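Bring the two chains, given one by one in their own frames, into a single complex with the hints.
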Amino acid sequence: MSIRDHARTAKQAMQAATQAAMTKAIQLAPDSWMPGGRPDPLIFHKHGHVGQPVSRIDGPLKVSGAAPFAAEIPLEGMAYAALLFSTIPKGRIASMDVSDALLAPGVSLVMTHRNAPRMATMPLFLTGAKAAGGDDLPIMQDDRIHWNGQPVALVLADTQEQADHATSLIRVTYQAEEAVTSFAAAKDNGTVPGLFMNQPLQSRNGDADAALAEAAHKVDAVYRTPRHNHNPIELHAATVMWQGDRLRVHDASQAVAHTAWSLAQVFGIDEDQVHVTSPFVGGGFGSKTLWQHQVLAAAASKLAGRPVRIMLSREGVHRMVGGRTVTEQRVAIGADADGRFQSLIHSGTIAMTRHNMMPEPFILPARSGYASRTMKLDVEVAYVDMIANTFMRAPGEAVGTFALESAIDELAVAMGIDPIELRLRNEPDKDPSTGAPFSARHVEEAYRSGAERFGWSSRGAPGSRKDGEWLIGTGVATATYPYYRMPGGAARITLSKDGAATIDIAAHEMGMGTSTAQTQVAADRLGLAMDQVTFRYGDSSLPGVVLAGGSQQTAAIGASVIAAQRVLVKELLKLAGNDSPLAGLKVEDVGGRDGGLAKLDDPDRFESYASILSRARRDTVVAEASPPPPLEMLHWSMHSHGAMFCEVRVNAVTGEVRVSRFLGSFDCGRILNPKTAASQFRGGIVMGLGLALMEETQFDERSGRIMNPSLAEYHVPVHMDVPDIEVMWTDIPDPHAPMGARGVGEIGITGVGAAVANAVFNATGKRVRDLPITLDKLL
Amino acid sequence: MIPFAYQRAGSVAEAIAVAARPQSKYLGGGTNLVDLMRETIEAPAHLVDVTGLSTAIEDTDNGGLMVGAGVRNTALAEHPAVRSRFPLLSRAILAGASGQIRNMATVGGNLLQRTRCAYFYDDAARCNKRAPGAGCDAVGGFNRIHAILGASPACVATHPSDMCVALAALDVTVHLDGPDGGRTVPFGDFHLLPGDSPDVETVLRPGELITAVEIAAQPLAARSTYRKVRDRASYAFALVSVAAAIEVDGGTVRDVRIALGGVAHKPWRAHAAEAALIGQPARSDSFRHAAEAELAAAAPLSGNGFKVELAARAITAVLDDLVEERA
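In order, the protein sequences belong to chains A and B. Just so you know, the numbering used here puts 647 at position 569 of the first sequence, and the rest follows in order with no gaps. Just so you know, the numbering used here puts 1493 at position 82 of the second sequence, and the rest follows in order with no gaps.
Chain B on its own, in the form it takes in the complex (with noise of 0.2 Å):
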């Protein structure tokens, strides 16, 4: 670990005025950031604790959520309002690491988690994200974990939060603040496919701190779900994630929302799918064929051919177990 400074922010303002020196780094729960920092893959030489501020979930005025950046993944997890009005979000976060992990980490910090390509995390191992340039080991190495879907000849990592899957199903606001004041993002354009440059990795601006994020009221979400598949039963990143829900009316699919986990450099939001299910029927034909829509753009790699086949059971078994629900 290379020596830092440590700061712990009063408010967002000191946050970010603390930040604007160079090489800051915002530090939520540091469950990814202080292992980076082991590894000498980051570096910061100041460290801003925004761990205290935005801890509040709070109802929206529209029955829906406002979710602040510092609250804990397990405090969220566990709030009723997301276990009946957003199941898929609490499910999802509680698919993910440790009991203790999510004690710590952040609803901020988990959407800047980075990825677990092992030639990223490897400085012996050329990687375009960790040394722009440098070229890319993941392609005819292993990369049985990474992408088949936005991959780029420069990358082909895959984005691990199980989080952010369901949030990218539920389709919610980000609010970020900083030197140039407060804006919103949705989250779907808040992280980005590698293109050339995979090591930029959000929209983010120098400085800038993620302070809530914002759920609208959508009662489709109050039957949802999410499916992990793993190598082991607990501790592992998504082979494949699928966060779902769907609104069905007299056997005709009248909404859906399908995101993927472990298949892209973002979470991703599957919605070449969706457009093929609306108004189709509510089977299990329906889904497989929707998902396959999904997959038709995917280029697998070496060692990750199996997603492609994986990907489309994992949509339509969530999708016939929702519906199956509802009936």
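Just chain A, with the same shape it has in the complex (with noise of 0.2 Å):
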């Protein structure tokens, strides 16, 4: 470990400290004091916007083609940009040869470490309020080689074809150091424990090595889980160009206040000399945040004078945007006669780069999981020279139930109890790492309603399902993911005189329906219709920090336009004066409703937003606040679960496993919007099938390379894959949620790995414990 990495741990280490004193004082409030310590009122109106399965909005756009993604802003003047990526994991570039391709047709600019101008590093994801970037290495500012896939020229072209074309004219040897690219290797040089945003990835109730031992039941077991690389439909791309010193960027972003926050700190500038705009994203998934490529298309930009267009190619974005990394999991469940859990250990190792925070905390699901008398959970950290891990769709939580899952179905079939049943049993009724209580948990109302749908009890033994030589089999699993709501928020509404509101957050749509259920809201709450409600977003220069990740846009932008609704509120009732109908009334008071604002339980006495701008002569009215922070996630224990049930048929000659059928039942809060809802948990099932049986990014251990950087090869369900996935929901709105809703982008990925290992276990009697569940581990 370096003094940097000493430096860094000492001070998270501190920072853990203060915030579990923090988060002791915060459950011990009264919840009155607690943000949804009084219920969203839009909880209880029933008959709204809300709750309606409206198609999306931007669905016109995108189908006919006329929403602009990143790569497609054309600018006056613009180069394309390709990109040379390394081909050793450690060292330095020995020698470096341009010549030809600065000759090539139509080349502008060869960037290397030689002409680069100076930059500061990436801010890291995690260590501030707005850091953004992926890894903090200097970015073409030495000679130093860290990853295998590392950028190491950068090209300008005319066209993309002559920019790529000349890519493959750089002739580059280097003097290879000895690396660190074999998981082993690296366990074995010894591990470190994880940290994830800043708390250790580590809890510890009772001795539950001594409950195991003592246990009457138990299930000890390593179950293993391969890298994963980020496939988005859209890649990665940037068009960016500087006007003096000003950089504007038009971005496939997630992170749009971070990213431009960050490039300022990269390139020594004020933040508000950033602009970043991102109003379409085909897929983020964790990805779109601020990764090498956008740093290097700005410094090429500022060297070449002129706008730069880059985006990355398929290879490109498994070479040098992040991805899930691979995890080695124990399971060890000890329990009773009953089956009532007396030790739960969860712990193992992952993969990590020095120069990332980003140790894929699959304990996560264990810490609230089930109650049991003991725990042990930890995630060790082992050092690889490598690509940055980062963020994929439930990270933890999608590789972490998978192996937690198959335990508890490994102890159901060893103890002869329904795997139901035997969650049921263990289902905590207080959160069993914090004591915090659950703002809303319905795991038994989601497994009884979909075990019925999904018709459970006609399960037969292991092995004793086929047709012709198909072997039919069920399994069920718990998806799980909790509620988020970061710091940062904050939104502006202007509301005009013809009564019509703009809401304005630097929020994110990347597909999800964000910008369809969030107008759906404001309407709503401001008593609109749909159509009187723009909903404005992507672009760092409107109000808040709003990461869209950690599924806690539905929360952030709820809580956020709650509180610019209560500045407006208190405005509207000032200028509506002591002739309105209003008059007297306070903020909590009142609502909006029908054009206007009303009073709750009396709503005869109304005026209109139109009637009370044009008394008080006034074109607009314009408010914007911040939500008070989120210890609500602190004060109750909050999250959402989901009780999947898979289907499988195993081919008993080839081992090819096909999903025939699969039912998701959540339990999420509210539903804002039955339509994008379902796709949000159909898209996170299909992509956790692809997890399953398929997914794996190969990592060549010799050399640190990504042997499969490509479609054809890195596989991810087809839809011949997919069968008809039903979902379900049990609508049961969280009384300390705004809206009553948790976000539901994760959720659906989780738990699925497991209810088809599960279900293969069923089907065959053999149980797979490394991921994917290929035909060979079948045979």
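Hints in this document: simulated from the structure, not taken from any laboratory. Only a predicted model underlies this, so the values are computations on that prediction, with no experimental measurement involved. Don't take every hint at face value.
Interface residues of chain A toward chain B, partial, derived using beta-carbon atoms under 7 Å [as the list claims (entries may be wrong)]:
1. S246
2. N283
3. V731
4. M772
5. T775
6. Q776
7. M785
8. H793
9. V796
10. D854
11. L856
12. L857
DEER-style ranges, computed between Cβ atoms [claimed, not checked]:
13. B:F1415 to A:N193: 26 to 32 Å
14. B:P1630 to A:A492: 54 to 60 Å
15. B:G1463 to A:E791: 28 to 34 Å
16. B:L1603 to A:G383: 51 to 57 Å
17. A:E779 to B:L1603: 29 to 35 Å
Just so it is clear, CB atoms sit at the ideal spot from N, CA and C, and this is done for glycine as well.
Structural data, given as structure tokens:
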């Protein structure tokens, strides 16, 4: 461990201790002091736009090709960028000959460490409120190579083809240094405890080892998941230009405000000198943050004095955008004669680089999932010289639930108990790790209704159902994802005298339906029709620092608009004055209704926005505010859940696995838009089927090189791999979340790996503990 | 992609004349060659587009088919004569790639598909096929999709085509034309095993052009099939595939054709299995025994040992199905 690592770890440990003390105080405080202590009035609003299956507002633009994505913004005099990547994992650039590339047709610049402008490193994601960088390495500032695939040269040319061609003419030789590229070697070098969001990835409750040893029934097994690469359909791209010392970035981003601030740090300018917009994003899944390509494009644009478009190739995305790292997880469960958990151990190791802070936190589901008398949870980090890890849909939960929920299935089999029954016997009545009360937890309801719809009761013994060559089995697993609301939210409402409203917030629409659902919410909150509300987002100049991550946008935007509306109503009541039917009412007493404000329990006391503004001779009223810090997520234990049911067919001859049915029964609070939410659930499940059956980055442990950087060889499910997926939900509002809703973007992928593996066991009697479940493991 | 010149040939003679220039390559549907050019694995200076030439599927005098090299995969798979007389060929084609790729890909181009070995595709890796004498990184690396039969220390790559596996079972004849005139090559001789020169993949001489594939009449092919085993339901290369036809008389195997895909540097005709089956009872145990006879020579690598059992099972199951279908 380097001195820098030590310093970072010490600082993080201090922060962790402070946070722990704060957490305790927040848990002990009265409910009413908390955000969400008084339920959002919209929860009780049953006949508005919220809950309606509204089609996405941006749908027509997208299907007609009229929605401009980051690599489709034309700028006058623009040059196209292409990148050359290193072919060794560690060492130095010994020589670099760019002369042929410079002479190639259309080429205006070849940028390398020799001529790149001086730049600071990117602020590493999670090290600051607005830090967005995937790594904190020098970017083309020296001759050092840190991973196999690191960009070593950038070419600018008049066309993309010219730029691509010219990069093939650059000759590089390397002086290789000894690198650690094998996971086994990295573990042998020793591991360090993982830290996630400044919290140690470690939990202890009692003596779990002793309880395991004494338990009447136990399972104890190791589960493995491979590396995964991000593959959003839209490649990472940015179109950038400098206007004097101001940087304009058209990005594909799920973090516009973070990216603007972080780029400002890199170039040593003020945050407000960087303007990042990203109105449309073709999928993010955690990968569309700040990586070296935006920095390199901006640097090249500066050197060349012209706008630059960079769009990574699919290989480029695999080489320089991080993914989900490899995990090795032990799960041991000890249970008493009734199946009640006496010991829950979930521990293991992941691979990470030294220039990164993302140790796949696979223990998160175990923290709040089950009541166990004792518990021991750990994530250890082994350092590998490779690309940085990053967040990929349900980081931690997606692979953590595979191990945990497989182990529970193994215990159920060993004890002869139905796996649903075993889970329900271990339902906790408060958070097992923090002791906090649950804000809303309806796991049992999700299971009961899902089991009925799926026909769970017709399940047979392992290996007992066959249709020709095909063995049929069913499996189940719990899906889980926390409610997050990150600090930094803010929104602005501009109400005009014609009664229309514009909501401004630097949030994101990556295809999830955010803009549609939030327009529904805002319309209900303000008492307007949907076409009277304009929801503006994806622009760093708008209020708020709202990461589209952690499935937190629903809550973050919701809370921000609540705060702004409060200010708006206060201002409107002031403008309405004593001549209004609203005279004398307080902010708490009124709500938006029918194009104006009305007293909540006496809607006849009403005045329209148009009337208030017209009497006050105002064209507009503008209100901007930030919500209180997200203490609710410490005061209550806030988690979504799902019961995932899977039916597989396994070919007895070839071992091929086909998923024939899937049902997800979710408990995510109130569903704001059943149409877009169903797509989120289904999309997550499809991604989970890939995780279960085929996704795997082929990372060559001899060279640290990714060998399948293409969608032909990196397998994700094709249409024929995806059966009809049924989704359903409890729709029980969470009384402590804005709108009663918890986010739905990530939970769909969780639990799927285990549901499939458990179904495969039921079909074949074979337990596969290594993902993906390829046919060779079932022969 | 390296800059190149493109020319569309109006006739076979013109194509051959134009392709006499150094560093020329014939262009079919481009579904593989253009990919390889983008990856700078292939860098021809001249592309001679031959997709407009020889696009007919015609009956031959003896009840067979003459298939032009420019015929698109989709057209061949959908052709009524292929579907009724050579169903294994139709099924093999439809098991490959995607609808869009099959609409573009040609018969001639399909014969010349290059391997999907990851080390062949990555110019940071050592590959004797791409850079003769460089060495092979696949042997100690990811070789799950690699060869178990007929490989050499120099190369363990597989031929990726589905269609060619059916053609191998059908004993087709490849028609060639070139600077020195035309000739024909039996399909089994067209592709080469890697030996010491895996960069040489076929018997094509410089400037030679595939003009047609001739399928002779063979009644047993009317009841034939193709089975492909892969890592997802579609759009994945075969781990193992089997093209087979069988003729049974009074419970005894009279004639049989078996070819395997995904196991060797070329579409693999299972001669040993065929020989072991002729005259034997048409039963599962004979099929398994024959499969094992073929696979006795298998030499699996670190990551593909499963293919030996998988191939044995697939051969047995395919023949079982064909016999059952006939019963």
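How the hints compare with the structure:
For S246 of chain A, the suggested interface contact is upheld, since its CB lies about 5 Å from the closest CB of chain B, less than 7 Å. Given the 7 Å rule on beta carbons, the hint for N283 of chain A is violated: about 41 Å separates it from the nearest Cβ of chain B. Among the interface hints, the one on V731 of chain A holds; its C-beta lies about 5 Å from the nearest C-beta in chain B, closer than the 7 Å criterion. Evaluation of the M772 of chain A hint against chain B yields a held restraint, the C-beta minimum of about 5 Å falling below 7 Å.
Among the interface hints, the one on T775 of chain A is violated; its C-beta lies about 11 Å from the nearest C-beta in chain B, farther than the 7 Å criterion. The criterion of a C-beta within 7 Å of any C-beta in chain B is met by Q776 of chain A, whose closest approach is roughly 5 Å, and the hint holds. Interface hint at M785 of chain A: satisfied, since its Cβ lies 4 Å from the closest Cβ of chain B, which is below the 7 Å cut-off. A cut of 7 Å between beta carbons decides the hint on H793 of chain A: the least distance to chain B is about 5 Å, and the hint holds.
The closest approach between the C-beta of V796 of chain A and any C-beta of chain B is roughly 5 Å, which is under the 7 Å cut-off, so the hint is satisfied. About 4 Å separates the beta-carbon of D854 of chain A from the nearest beta-carbon of chain B, less than 7 Å, and the hint is met. For the restraint placing L856 of chain A at the interface with chain B, the shortest Cβ-Cβ distance is roughly 10 Å, beyond the 7 Å limit, so the hint is violated. A cut of 7 Å between beta carbons decides the hint on L857 of chain A: the least distance to chain B is about 6 Å, and the hint holds.
For F1415 of chain B and N193 of chain A, the hinted distance range of 26 to 32 Å is satisfied, since their beta carbons lie about 31 Å from each other. Our hint of 54 to 60 Å for P1630 of chain B and A492 of chain A holds, since their Cβ atoms are close to 57 Å apart. Taking 28 to 34 Å as the suggested C-beta distance range, the pair G1463 of chain B and E791 of chain A conforms, at roughly 32 Å. In this structure, L1603 of chain B and G383 of chain A meet the distance hint of 51 to 57 Å, their C-beta atoms being roughly 54 Å apart.
Taking the beta carbon of each, E779 of chain A and L1603 of chain B are about 32 Å apart, inside 29 to 35 Å as hinted.
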